[in-house]
Amino acid sequence: MRKLFLLLLLTVCCQAAFAQQSNRITIRGSITDTSKAIMPGATVMLLTPKDSALVNFGRTNDKGAFEFRNVKRAPYILKVSYVGFLPLQVEVNPDNSEVTDLGALPIKPIQKELLEVVIKAAKAPLSIRGDTIEYNAASFKVPPGSTVEELLRKLPGMQVDQEGNIKAQGENVTKVTVDGKTFFGSDPKLATKNLPADAISKVQVFNDKTEAAKTTGIDDGKREKAVNLELKESHRKGGFGKVTAGVGTKDRFQLRGNYNRFNTKEQMSVIGLGNNINQTGLSFDDYQDFRGSQSFNWEDQGDFGFYSGGVYFFGGDDGIGVPITGGGSNSRGFSRNYAGGANYNYDTKKTKLSSNYFYNQSGLTLNSDLEKETFLPNSSFLNTDHKSQGSLTRNHRGSARFEQKIDSLNTLVIIGNLRANNGNTALFSDQNFFEGPNQETRTSQTNFANYNQFNGFQLATTAIYRHTFRKKGRNFAASLAYNVNDTDGSAQQRSTNTYFNDTTATGPSVFRINQDNVTSSLRTEIKSSLDYTEPLSKTTFWETFYNFSLRNDKVDRDVFNVGDQGSVRNETLSRYYTNDFTYNRIGSLIRYSDKGFNVSGGLAGMWFHQAGQFASNQGSPNFTKVDRNYFSVVPNISVNYNKKNKRFNAGYNVNVNQPQTSDLQPVVDNSNPRFIREGNPNLLPSLTHRVSGGFGVFNPGSFVNVFVNVNYGYNINQIVYNQTVNELLVTTTRPENISGGTSKGGSVYFSFPIKKTKAVLNTNFYTNLNKFPTFINGIPNQTNNNNYNAYMSLDLTPSEKFTFYPTFNFSITDTKYSVNTAQNLTIYNYNYGGNMNVQLPKGIFFNGRMSYQIYKNPKFDFRQELPILNLAVYKLFLKDNKAEVRLTAYDVFNKNRGITQQAYQNYVQTERVQTLARYFMLSFSYNLRGLKSQMRQNNYIY
Amino acid sequence: MIMKKLLILLLVTIGAPSMAQKMEGVVTYDRTQDYVKIMSRMTFLSLDQKERMKATNKNYSSRPTQMVLYFNEDQSLYTNESEYWRSENGQWSYRNSDYIIRRDFKQETKSDVIEMLGRTYLIDDSLKTPQWKILNQLKDIAGHICMKAETEDPIKQQKVVAWFAQDIPVSAGPEQYFGLPGLILELDLNDGDAVITASKIEMRDVSKELTATKKIKGKKIKTADYDKLIKDHIQTSTKAQENPYWTIRY
Numbered sequence: 001m002r003k004l005f006l007l008l009l010l011t012v013c014c015q016a017a018f019a020q021q022s023n024r025i026t027i028r029g030s031i032t033d034t035s036k037a038i039m040p041g042a043t044v045m046l047l048t049p050k051d052s053a054l055v056n057f058g059r060t061n062d063k064g065a066f067e068f069r070n071v072k073r074a075p076y077i078l079k080v081s082y083v084g085f086l087p088l089q090v091e092v093n094p095d096n097s098e099v100t101d102l103g104a105l106p107i108k109p110i111q112k113e114l115l116e117v118v119i120k121a122a123k124a125p126l127s128i129r130g131d132t133i134e135y136n137a138a139s140f141k142v143p144p145g146s147t148v149e150e151l152l153r154k155l156p157g158m159q160v161d162q163e164g165n166i167k168a169q170g171e172n173v174t175k176v177t178v179d180g181k182t183f184f185g186s187d188p189k190l191a192t193k194n195l196p197a198d199a200i201s202k203v204q205v206f207n208d209k210t211e212a213a214k215t216t217g218i219d220d221g222k223r224e225k226a227v228n229l230e231l232k233e234s235h236r237k238g239g240f241g242k243v244t245a246g247v248g249t250k251d252r253f254q255l256r257g258n259y260n261r262f263n264t265k266e267q268m269s270v271i272g273l274g275n276n277i278n279q280t281g282l283s284f285d286d287y288q289d290f291r292g293s294q295s296f297n298w299e300d301q302g303d304f305g306f307y308s309g310g311v312y313f314f315g316g317d318d319g320i321g322v323p324i325t326g327g328g329s330n331s332r333g334f335s336r337n338y339a340g341g342a343n344y345n346y347d348t349k350k351t352k353l354s355s356n357y358f359y360n361q362s363g364l365t366l367n368s369d370l371e372k373e374t375f376l377p378n379s380s381f382l383n384t385d386h387k388s389q390g391s392l393t394r395n396h397r398g399s400a401r402f403e404q405k406i407d408s409l410n411t412l413v414i415i416g417n418l419r420a421n422n423g424n425t426a427l428f429s430d431q432n433f434f435e436g437p438n439q440e441t442r443t444s445q446t447n448f449a450n451y452n453q454f455n456g457f458q459l460a461t462t463a464i465y466r467h468t469f470r471k472k473g474r475n476f477a478a479s480l481a482y483n484v485n486d487t488d489g490s491a492q493q494r495s496t497n498t499y500f501n502d503t504t505a506t507g508p509s510v511f512r513i514n515q516d517n518v519t520s521s522l523r524t525e526i527k528s529s530l531d532y533t534e535p536l537s538k539t540t541f542w543e544t545f546y547n548f549s550l551r552n553d554k555v556d557r558d559v560f561n562v563g564d565q566g567s568v569r570n571e572t573l574s575r576y577y578t579n580d581f582t583y584n585r586i587g588s589l590i591r592y593s594d595k596g597f598n599v600s601g602g603l604a605g606m607w608f609h610q611a612g613q614f615a616s617n618q619g620s621p622n623f624t625k626v627d628r629n630y631f632s633v634v635p636n637i638s639v640n641y642n643k644k645n646k647r648f649n650a651g652y653n654v655n656v657n658q659p660q661t662s663d664l665q666p667v668v669d670n671s672n673p674r675f676i677r678e679g680n681p682n683l684l685p686s687l688t689h690r691v692s693g694g695f696g697v698f699n700p701g702s703f704v705n706v707f708v709n710v711n712y713g714y715n716i717n718q719i720v721y722n723q724t725v726n727e728l729l730v731t732t733t734r735p736e737n738i739s740g741g742t743s744k745g746g747s748v749y750f751s752f753p754i755k756k757t758k759a760v761l762n763t764n765f766y767t768n769l770n771k772f773p774t775f776i777n778g779i780p781n782q783t784n785n786n787n788y789n790a791y792m793s794l795d796l797t798p799s800e801k802f803t804f805y806p807t808f809n810f811s812i813t814d815t816k817y818s819v820n821t822a823q824n825l826t827i828y829n830y831n832y833g834g835n836m837n838v839q840l841p842k843g844i845f846f847n848g849r850m851s852y853q854i855y856k857n858p859k860f861d862f863r864q865e866l867p868i869l870n871l872a873v874y875k876l877f878l879k880d881n882k883a884e885v886r887l888t889a890y891d892v893f894n895k896n897r898g899i900t901q902q903a904y905q906n907y908v909q910t911e912r913v914q915t916l917a918r919y920f921m922l923s924f925s926y927n928l929r930g931l932k933s934q935m936r937q938n939n940y941i942y
Numbered sequence: 001m002i003m004k005k006l007l008i009l010l011l012v013t014i015g016a017p018s019m020a021q022k023m024e025g026v027v028t029y030d031r032t033q034d035y036v037k038i039m040s041r042m043t044f045l046s047l048d049q050k051e052r053m054k055a056t057n058k059n060y061s062s063r064p065t066q067m068v069l070y071f072n073e074d075q076s077l078y079t080n081e082s083e084y085w086r087s088e089n090g091q092w093s094y095r096n097s098d099y100i101i102r103r104d105f106k107q108e109t110k111s112d113v114i115e116m117l118g119r120t121y122l123i124d125d126s127l128k129t130p131q132w133k134i135l136n137q138l139k140d141i142a143g144h145i146c147m148k149a150e151t152e153d154p155i156k157q158q159k160v161v162a163w164f165a166q167d168i169p170v171s172a173g174p175e176q177y178f179g180l181p182g183l184i185l186e187l188d189l190n191d192g193d194a195v196i197t198a199s200k201i202e203m204r205d206v207s208k209e210l211t212a213t214k215k216i217k218g219k220k221i222k223t224a225d226y227d228k229l230i231k232d233h234i235q236t237s238t239k240a241q242e243n244p245y246w247t248i249r250y
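Line by line, the protein sequences are chains A and B.
Going left to right, the first sequence walks through residues 1 to 942 as the numbering used here numbers them.
Going left to right, the second sequence walks through residues 1 to 250 as the numbering used here numbers them.
Only chain A is shown next, with the shape it has when bound in the complex (with noise of 0.2 Å):
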């Protein structure tokens, strides 16, 4: 009783205090078309007028009537919507009543050639605002170098007659502006005629108020076609570039830099670069410059099937495409290099093209000393070598690739890659040999002094052809490559072999070598693959391949004693040979992928037959033949299991290495007169059984990572050097197949983060047991080398202004020779390096990076301690900073010695060799696109 009489008081308030005007209200009408027929299901939507924000919406009964209820009183916007119809915008402005009827609405119907040809056809959106229509103008096809008069033909609802008379939905348009403002007078032609139908981006097709209801302002009610013509934004189409100059103490200097125009089909670049710090060729990022949208092409691979141990170049100056070495600097010798090229790139959806041409030279000064000790059975020797280098060579590269889709089941990649090369060296060695029970008597001493002179060229071309068949999964691939290589070189080679040991009557024996030598060598290729996949189900694929190369190597080698009588051919180790290599490789597997289960299995046979013939020269009555023929049977399977942050892979597989040509070539290489090498053209392809597994956890949420690696590699005619060392300490190594080594690798990752964005530890243990055999002296050894690395390091990322990243690297060698266990030996390598980053006030940042290196190999007290420390000052400034002045010191304490220590085989060495130590530099940087601080050392990998 009591709530009742409250809610009567309640309402009674209410009504009393809202009696005037309540808050909500109720808005209906009803939707009908031009000739007055009802609409029903028509979509009614309420908006706000301010900002278009849906309030409410609804739709027509089946009388075409609507009604909102219970809405705010406020102003409106009506919008009806209805297929075929052109949306309706109605204000409504509620007045004083409860109820706002709006009555009747018509709605128009869309141009029926409007609705079919831009909506449906075209795909375009189509704008409608107000009594505007506008068409995206992309969407209508005009051949290049077409006028808007041309697309403006091409519209639905506009005719152009042959004065260039422009009418819209049959009236005539009196205006046309560009981007709203008139184009040069008030003829309407006049736009239309001279803009070019590509630089619009928009046609706006409207009503406007007459010239003379503007100039009166009374709407006289009378309307005038009018079109405007919007322009793009930006024809995508700019240039950048990058200049980068410093000069040093010491004479240091660098320059490089680059320059690019594009627009949206085509991308044009220079690019240059000149220093004396030991930068030989491009960083990834001037690499990507220069090539643009061609820098990779992941499947210009023509050799199909699975993988044999071909070898794949990307990068290094050997390669035969642009050279890329990271830009980082050669620790070996001083070199002078100047580098420079230009590049075209074409790309449309149908055809890619690209070409380039690439110069570089280098020229090096190497200073080395070596510490070599040699084991032999129950003996060894040390022996120093003092070598100075000088070096030049320069290359000339070019290249161009081009890429058609025929159509959208065939694709054709034709690839063109060309060098020519030229270069010399001239070499100076200065050796002493020891022996004895501390290797303490110097027993010989070779000097030697060479000079070569180099010329070559290499063309490598390839076409692949790639068709899918319309069966899904079904595939056909073909390719056929052709590759030269033709290289002339001629050397002279000066040395004194001193025996002090082996006495005549004149004091101890001398052993002068004097010869010339001319080499030129030819060699040519010719591969063709084929590849067929074919679907068995959803999920199983059958491929098939078959490999076929042929290849001609002919080496013409002459060798002169030079002597007081001139020149007379050395018989012996002159050389003329060719050899002729088939190759034949047919395989078939099977591949099942489902359910993140990714499993294949497939068997090749290859046949390899190398016929060669040799002789002291081409005219030789006896030639000795190379006949062999050569099978086997490669199996190859590989198992990849995808869960939830988490994953599982695992492979067999048998590696094919086919042997070095230098090392297949009867030819006996005296430059070094004490250590001699030899070809062995009977050499077979080795075969390496190789078993590896993985496991990686990735936790996005908590960024903790786990991976686990292991991989263990059996050789079957693995190739090794076998060793004869004679009484005179002279070393003669010849390439022979041996079967039984073995490699077992591991790896441990591990990286979690201490704290969120601010500390994150990366771990990494890593060892490889290898066991290699050869023959010393006859005598089979077995060296055992174990190699042990714990890597750590921290990323300290606290704030914006501070970054440090600490590390830790530690390496344990263990090497055991059973030739000779008394020589076995362990060494060490320690790294403990640092990279700090401070931003200062006033854009001025500073970079620390500190390496400090140990050597030590405690059998032979050996110990070095290198510490290299690189400073940094830079500033950026101007607008966007596009510029940087820099101020580097390198090596500030002067240390840096370019240390390596190595023991294999049956040896073990330090080499230290005088390279780049400290110097400052004075750098100013200017970027187009501007430049930035590295705070951070997060490499982005896009």
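Just so you know, the hints here were simulated from the structure itself, not pulled from any lab data.
Just so we're clear, the structure is a prediction, and the values are computed from it rather than from any experiment.
In this text, a Cβ means the ideal position worked out from N, Cα and C, and glycines have one as well.
Don't take each hint at face value.
Straight line, CA to CA, 30 Å or less: simulated DSSO-like cross-link-like pairs of lysine-lysine [said to hold, decoys possible]:
| no. | chain 1 | residue 1 | chain 2 | residue 2 |
| --- | --- | --- | --- | --- |
| 1 | A | K349 | B | K37 |
| 2 | B | K215 | A | K538 |
| 3 | B | K148 | A | K63 |
Residues on chain A that point at chain B, a partial pick, calculated with CB under 7 Å [stated by the list, open to error]:
| no. | residue |
| --- | --- |
| 4 | V83 |
| 5 | S295 |
| 6 | P700 |
| 7 | G701 |
| 8 | G930 |
We have chain A; now place chain B onto it with these hints.
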């Protein structure tokens, strides 16, 4: 609120709609993501890096993934078309992250299964309709003339453009978007960073698909927790100079 009003409106004003056709069916969407554009939004990359990335990747485009939306007038379910992603030639596959978005417009509830950041989250909560703006553009998508609407995602700070069909009066839509006078047939996040376009629309009985339940274990959270997770992750990743969208859905 709007939904409730709409329903009242529908029930009160229209009564029984004369168009007897039952509005239910399944839409297949192609979802493409432009990684270069997304990476270009990372504030920690310099213009130089962004432009280099753009130039290098000019000729590459990522392949669409297929999504499906089952809908009727009251409910919708949006998820991966297949549990496993498969490469174009069919020779490589991996598991798609769970993404099941259920909407009940009548009850105004949602029930989502979203796998992200290494976990599966179950989000059961009430529905909150995005604030849409209706614009004046028409476009044809899969044979339906659609109208343009716009809103924005305040958490991911994305501009969202939806194209809704004039002739399918259903409030459903792809991803987590809904609440327009017609079925959303295209969704464009941040001017093409991710585009979800209907490729096929089939009107049929989908009550089986809408009612089917698959037991999925996960952590139960509310919409507010989900928003906070996303917000924190974007903040943390940006601070760590990583792209947050490697581990969450764009």
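Now for the hints, and whether the structure bears them out:
{"no.": "1", "hint": "K349/A to K37/B", "in the structure": "19 Å, holds"}
{"no.": "2", "hint": "K215/B to K538/A", "in the structure": "27 Å, holds"}
{"no.": "3", "hint": "K148/B to K63/A", "in the structure": "27 Å, holds"}
{"no.": "4", "hint": "V83", "in the structure": "5 Å, holds"}
{"no.": "5", "hint": "S295", "in the structure": "5 Å, holds"}
{"no.": "6", "hint": "P700", "in the structure": "4 Å, holds"}
{"no.": "7", "hint": "G701", "in the structure": "4 Å, holds"}
{"no.": "8", "hint": "G930", "in the structure": "5 Å, holds"}
Hint compliance for this structure: no hint is broken.
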